[in-house]
Amino acid sequence: MEQLFTHDEIVRIEAAAQEVGYSSREWVRDVVLQRLQGEWRHDLEDAVWPVTVHRRSGGTLQELHHAGCWVPKGEEDTLTTAEARDQVATHEVRPCDACQPERFLVPVD
1 MEQLFTHDEI VRIEAAAQEV GYSSREWVRD VVLQRLQGEW RHDLEDAVWP VTVHRRSGGT
61 LQELHHAGCW VPKGEEDTLT TAEARDQVAT HEVRPCDACQ PERFLVPVD
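Sequential numbering of the sequence shown, starting at 1, is according to the UniProt record's numbering.
For the record, the hints were derived by calculation from the structure and aren't laboratory data.
Just so you know, even glycine gets a beta-carbon here, dropped at the ideal spot from N, CA and C.
Keep in mind that a hint or two might mislead.
Said to hold, decoys possible - Here are the computed distance ranges between Cβ atoms for each label pair:
1) Q100 x L4: 19 to 29 Å
2) E9 x L33: 31 to 41 Å
3) L33 x Q62: 30 to 40 Å
4) I10 x L36: 19 to 29 Å
Kindly produce the complete structure, drawing on both the sequences and the hints.
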């Protein structure tokens, strides 16, 4: 893989992979397969991400979902893709275990 990318590109790939919990090789493979299978969606940058709020004894839990997830019931607050990335990175919201929205939040150039 090191022969395919510049040092700066490898740094960006490693950062993106770490964001979603993948190894660099897994992340590159996933991106390539998405592209080959026609699943690459540039429109995700304009998507909205519902946030559900669950009251717990230790406080509230905010959970991030993608628009197709079955958990949100409608009329929840939403985040933009950029806001969702920031809030997942700073742990202000927790990604939903059911729909795993973090896999879609890798930035698209």
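Q | Whether the CB-CB distance between I10 and L36 falls inside 19 to 29 Å | A | Given range 19 to 29 Å: holds, Cβ gap about 22 Å.
- [ ] For the range 30 to 40 Å, tell me whether the beta carbons of L33 and Q62 fit it or not.
- [x] Given range 30 to 40 Å: holds, Cβ gap about 31 Å.
Indicate whether the distance between the beta carbons of Q100 and L4 respects the range 19 to 29 Å. holds (27 Å)
- So the hint says 31 to 41 Å: do the beta-carbon atoms of E9 and L33 match that? At 19 Å between Cβs, range violated.
Violation of the numbered hints given earlier is confined to hint 2; every other hint is satisfied by the structure.
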